[in-house]
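Colleague: Given the coordinates of chain D, assemble chains W, P and H onto it according to the supplied hints.
Single-letter residue listing:
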Amino acid sequence: MRISCPCCGPRDRREFTYYGAADYLNRPALDADASAWDDYLHLRDNPAGETRDLWYHDPCGTWVAVTRDTVTHAVIAAEAVA
Amino acid sequence: MADLSAREPCAGLGLPLTLGGCRLAALPVERITAIQPFPGKVAAVETVLRAQGLRFPAPGHSHEAGGARIVWAGRETAFLFGMAAPEGLSAHAALSDQSDGWAGLRLEGPDARAVLARLLPIDLRAGAFEPEACARAPLNHMQVLIRRAGEAAFDLFVYRSMAGTAVHELTDAMRAVAARQAAVR
Amino acid sequence: MTHRIPGKGLIDRTRPLRFSFDGREFEGFQGDTLASALLANGVQLVGRSFKYHRPRGVLTAGSEEPNALVEVIEGKQKTPNVRATVQELYGGLTVQSQNRWPSLRFDVMAVNDRFAPFLSAGFYYKTFMWPRAFWEKVYEPAIRRAAGLGALSGLHDEGRYEKAFAFCDVLVIGAGPTGLMAALVAGRAGADVILADEDARMGGRLLSDQPEVAGQSGPDWAADMLAELAAMPNVRLMTRTTVTGVYDGGTFGALQRVGLHLADPGDLPRECFWRIVAKRAVLATGALERPIAHPDNDRPGVMLASAVQSYVARYGVNPGRVVVFGNNDSALQAARDLTAQGVQVAGYVDPRADVSVLEEFPVYPGGQVVGTRGRLGLREVAVRHGGGVSMLTAETLALSGGWNPSLHLTCHLGGRPDWDERLAAFVPRAGMVAGMSVAGAARGRFSTAACLADGAALAAEVLADMGIAGHDMPLPAAEDRSYAIAPFWAVDAGGRAWLDFANDVTTKDVQQAAQEGFSSVEHMKRYTTQGMAPDQGKSSNVAALAVLADATGQGISATGTTTFRPPYTPVSIAAMGAGGRGMGFAPERLLTSDSQTRAMGAPMIEAGLWYRPSYFPRAGEATWREACDREVSMVRTAVGVCDVSTLGKIDVQGPDADRFLDLIYTNMMSSIKPGRTRYGLMLREDGHVMDDGTCARLGEAHFLITTTTAAAGPVMRHMDFVHQAFCGDWAVRFTSVTEQWAQFALAGPKARELVNKLLETPVDAENFPFMACGPARILGVEGRLFRISFSGEMGYEIAVPARFGAAVFERLVAEAEAMGGGAYGMEALNVLRIEKGFITHAEIHGRVTAFDIGMQGMVSAKKDCIGKSASQRPGLMGPEREQLVGLVPVDPQAELSAGAHLYNENDPATRVNNQGYVTSAGYSPTLQSWLALGFLRDGRARHGQIIRLDDGLRGRKVACKVVHPVFHDPEGGKLRG
Amino acid sequence: MMRYSGFRVFTQGLTGNTGWRAAWRKPAPKPEYDVVIIGGGGHGLATAWYLAKNHGITNVAVLEKGYLGSGNIGRNTTIVRANYFLPGNSEFYSHSLKLWEGLERDLNYNVMHSQRGLINLFHSDGQRDAFVRRGNAMLAQGDDAVLLDREGVRRMLPYLDFGQARFPIYGGLYHPRGGTARHDAVAWGYARAADQRGVDLIENCEVTGIDVENGRVTGVQTTRGMIRAKKVAMVTAGRSGQVAALAGMRLPIESHVLQAFVTEGLKPVIDHVISFGMGHFYISQSDKGGLVFGGDLDFYASYAARGNLPMVEHVMEAGMTLMPMIGRAKVLRSWGGIMDMSPDGSPIIDSTGIEGLYLNCGWNYGGFKAVPASGWALAHLIATGQPHETAARFRLDRFATGHLLDEEGTGSQHNLH
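Chains as they are written, first to last, in numbering that gives the first Met the number 0: chain D, 0 to 81; chain W, 0 to 184; chain P, 0 to 976; chain H, 0 to 416.
Because the hints were derived from the structure by calculation, they are not lab data. We treat Cβ as the ideally placed atom computed from N, Cα and C, and that holds for glycine. Do not take every clue at face value.
For lysine to any residue, the following SDA-like pairs were computed, each having C-alpha atoms within a straight-line distance of at most 20 Å [claimed, not checked]:
hint, chain 1, residue 1, chain 2, residue 2
1, P, K867, D, P27
2, H, K266, P, Y138
3, P, K756, P, R776
4, W, K40, P, P654
5, P, K867, D, A33
6, P, K278, D, P27
7, H, K266, P, P101
8, P, K136, H, R104
9, P, K7, P, N40
A few chain P residues that face chain W, going by a derived Cβ cut-off under 8 Å, partial list only [claimed, not checked]:
hint, residue
10, L267
11, E738
12, P774
13, L778
14, A806
The following block holds chain D by itself, in its conformation from the complex (with noise of 0.2 Å):
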């Protein structure tokens, strides 16, 4: 598998570090009731099909956004998280 580090172009998977869906970027505030934190944690589409999930490549330290098929593993689109 090959994903295109933002900063780096494509490098093979044992580059990068993975985080799962992306449901991690939506961090609830300290106040959200425990429902929304129980989401925010543990809840998922996981979907068989496209999804959108968060890799880390880790020679150039960047955290990377990844819109891919969990079917087929083709890659989609990668996008730099910040």
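Modeller: Relative to the frame of chain D, chains W, P and H by itself:
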């Protein structure tokens, strides 16, 4: 108070070393400063650097001027080699001294690319990695900063503590590539 | 070499090579495979079958070989399950047969064949159940001994192996007529091309069938094309290279046999495992011929027709009299070609009634082979035809049940092929692998002309796709015969007819599986084991599912096929794991003090990737404990020196650095004054403790934080995430400076005296108090000084640029020793911190919260931080939680051990009674007692109670008093002094 | 009903093996069942068997979208063990191992459960302490554990690299009752046994909808028509999220691929199950002679039952550093299973907010050994409405409440395992 003796990162590792069509040597220790511009400050950093004939490098690029080189070294980071950080830079960027954190190695010769292909998962073909191109990548299980320093010359920077392993793995790959070249001849 | 046709073949008859098989010496030639050399010496029996131990010979001339698996011997080392059809001959090659005892000709396990009726498909699921204890003791060992093929030597594999990466525009897989044309077209257009072929010599069937191409012989034409390709700088030819797997994103795994064909490979690796990244791939892997199931079709001497052609034309082997049994035009052509090469074809048998009889050999239209004879090698073939059954004398029976396109790689990403009725074979569907084009016989275009044309055409398509201008290339003329086939899978004539030679699966087994309801193709495979042997069913899958389809009444298309998975041919663990053996598994990180530490005799232990000293032995010390006790006492009474450079150091700068640190730490960092240091706790977002360390404010907008050794990488990644995901616009930058600074802890009542020996400007308790930090000139070098301690004694840490680390350590140790102190190692460090109740990852093991370790007060109420919300879940607080406590044995000399569990004094050691566990233990020379840290249910409320430490694994029970986790100097007077 | 025995194999052999009957019927679905189990894998089939055997509930259908046992029951590394240490896991896996020990007689099917012993190696003092803690928990649970020092390991496994290995072997935790079983046979054995009690096993029947009326489940829609049911259990690890979504539920699950490998057949060389402590690698040798081994997740959400090279290579490198004698064994086949990864690495067996709808999921990479106890506990929950005592902590709401079962201590968030 007596001054302390300094130890080079590759001291005692048996360099330089030539095997087949490849030579591995330690690079001289130089001043290295990590420059990390603050948000929105790249232009200001550029202005300071321009006075030295340098630019802040785009990802994968490096520039050379006078005795100094500035090498892209990661997200929003460049390493300035061979000179002190210019006056005025610290207002726009985080600066940190990295001179002692890295072991620099030069691998050169006609087989250099074949040797690196044993260890790095990136495309180092001449067209894909032109002179002065640089990259952060794994060298087997280590992180490395690699820069193409010439037609068939590559500079590699690994964490100082791993210099021994890096030299060992490069040497192993050099030996195997040399054996293949010998078998072809 | 009695079975060689004079002058024939591509072997080099000027270079004879001696080799041995089962102790017998033979001679072959350079260019032979082991199989061709054995056949040329009249050796037909080369192995025994997996289950019934039936005698077996060479079936194929390629890597799909199911029978001819042997052990290659190299001194005491050996390689099992080597395909004789792939192993190239070299001088001194030593080989033995496998899976037989005592000898290949007489194998006592062949008795299994007599019991075959009781060993039918799945028999083992129905028996061996009684008595229960017999399974592990009697049945299973017997089954294991009988099963298996070759044997490993049991010795470490110390051979050289290698891995490598390659990148190209076009990867052409297979260098037969299709692949050669594709590579030529792409190469001439200037594309970066890799042409990989599993054979030692490129050319594919051009070398075996030897059709005329462009007026030249097949091998000559191939040689010319290869010469042209070899001269192109943009083309890389990889012989002996099998593309074994297709992975995502245009990545291919390929195994190159580098030194396996050489008597002395020297520094060459045995094998190299390539990771090839290609923009586009052309699959030109040709097709594999398949046998026909008929009674006793597994006898040595029974071969694929194409294999017979290979052995004759490429290797000059004389197969003796040959009967050809086929159901397709390629079989008939094989009989004609063999005849033309001077081989005596004793009969051509074809179940098709309308097959041509006007041939130079006897033809049996509508005929079938119904049996064979010959104990260890073929003697006679029984042919049933219109006139009855004839016995034909023959040494070789050539089978051709048709051709299966080699489409395995197209299925590696989950694609399913289509059944082609006309070819009676599966063919690839378009788009099974993105970026891969399938050409030639691999997609069912079988004539040489069609292959050449297809290779050129698809290469042109690929170039056009990539925007590379191609050149028109005239197609060389070649044979363009049609291919007709009448599906025919198994002869119905009683007796056992083999489908899967390698796993001994017969048509009856498949039929029985269907009868027992294992009628899905996956069930049939798993129940009969068809297709699960070393050849992965390359020669048997299609026929087996045809027999299954017949038994279930479903068509082949509806039955479907099992899944092809990587690798295409087996790959050694050593090749894919190259570099991992011994020290190569992970990098070694060495401290700047490493040389001196080792010179002092310190045993080194692994701490993550680092090596750290365990202890520094001195003369007269017999055990590590003596050294450790002395080092602890040294710190408590004088001064000790310890290299702590392995701790992660992250430089954090910027106007927003303080509020960023407030976000990642539980406690407030923005209120630290410049020149001061604060202990900090980080949580994961799930509310558990991630790491701890110190945060030093070096300037208004400049911090230096430390992490534990193990967490340095994860903490950096975490900080990058928090910054980029939640506050990317904040003006904060951080970078690791772990390697920049060599850092040493000086601890003990004489620490200040020691540090002042190195400082240009001495410090005292007032100008540099507890938790102070700042720049310092150390022996003439710009360094940093911190007043922190992990031992509970007065402590300083000094940091110098790493190049001076060795010198500073040497000086520190010398000075400390002069003061009655010295270096201390990890063992003493551990005891010191236990005495002081300081935690490490033994305590913050991932399941503990700030509440558990008594640091809930460090979670600032004034601000948010990562993990704060989740840490407030009800299950993470309250008296049922296990909380950090200290444990002191009632008998101070009673040994305590980490990993032990805690129970109320008189409770039996059962799960429901469990009260907690011990995380760290050590002997404190300071307190003259064993001490431990642990977690105890509601522990903070139970100080003073007696609890039983129970280490059942070690048979240890010790009564302990529960105490506050800080054993030594609880007021911290020494620390601050 | 045909009982299997050595005698039966003998008499069938004498008569040409023509008398074997189908291992299970292939019935058409009835319009209504007391219990419908979605998922004909190991857990679903075991649930059906224990519903019938323990609770006398036989008006049960198991609906399988493909062929029985087509999921992870047939694509794992076959390891059976009871070496957990967190209360909640400990008693569950202990119960499971006891069920394994009687499974052949229970099912009249030889699943080849082989208690050859499992050894977890450790490579540092810290790892040793963690394994000692685990071993003591195993003893406290009434299971078996033995602490081996380096020499003890060497005596049992002399072929490991005790020389210049990057991470030397300090010792091992030996679990004599740990071992392996023939994975497919487990599915087939449960299927045959359940079928003989009257359970309908319906293959090629995909559930496309879950019918809920007034907060109560009433049946399922399938590719073979509507089926009414009083109770429905979702036992579809690997596809849990998709099936639960049919009932409007969102689960704390991410699906990941885990690869495994088998080599060509070899004469006996590894007699135990061995697990490396400094990288992801565990290995045993099958009765057929193949070395069966695996490693860690590929580490990305996936529903493709296949993986990529980085983890393949890591596993092989770990094998080479631990036991370089296997270097010349050749990997024959690799495959991937889709793992239901829960945030804390432990499973879920629970009721849902919908009456009559039950959930069994989140088996992470440990579902195979759990099959008997999982089926037992879920059958108990369906039949009695109460969680079985060994599975009482496998609650769906534990992430929200913080009553976590994070055996590895890597975090109760996704992707930290």
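Colleague: All the hints need checking, so say for each whether the structure fits it.
Modeller: We went through each hint and held it up to the structure:
1. P/K867 / D/P27: Given that 20 Å is the threshold and the Cα spacing comes to 12 Å, the pair holds.
2. H/K266 / P/Y138: holds, 16 Å
3. P/K756 / P/R776: holds, 12 Å
4. W/K40 / P/P654: Holds, at about 13 Å.
5. P/K867 / D/A33: With a Cα-Cα distance of about 12 Å, the restraint between P/K867 and D/A33 holds, given a limit of 20 Å.
6. P/K278 / D/P27: violated, 42 Å
7. H/K266 / P/P101: holds, 15 Å
8. P/K136 / H/R104: Between P/K136 and H/R104 the Cα gap is close to 17 Å, so the pair holds against 20 Å.
9. P/K7 / P/N40: holds, 15 Å
10. L267: Status holds, d = 5 Å.
11. E738: holds, 4 Å
12. P774: violated, 12 Å
13. L778: Interface hint status for P/L778: holds (5 Å vs cutoff 8 Å).
14. A806: Cβ of P/A806 sits 4 Å from chain W, so the hint holds.
The structure shown violates the earlier hints numbered 6, 12.
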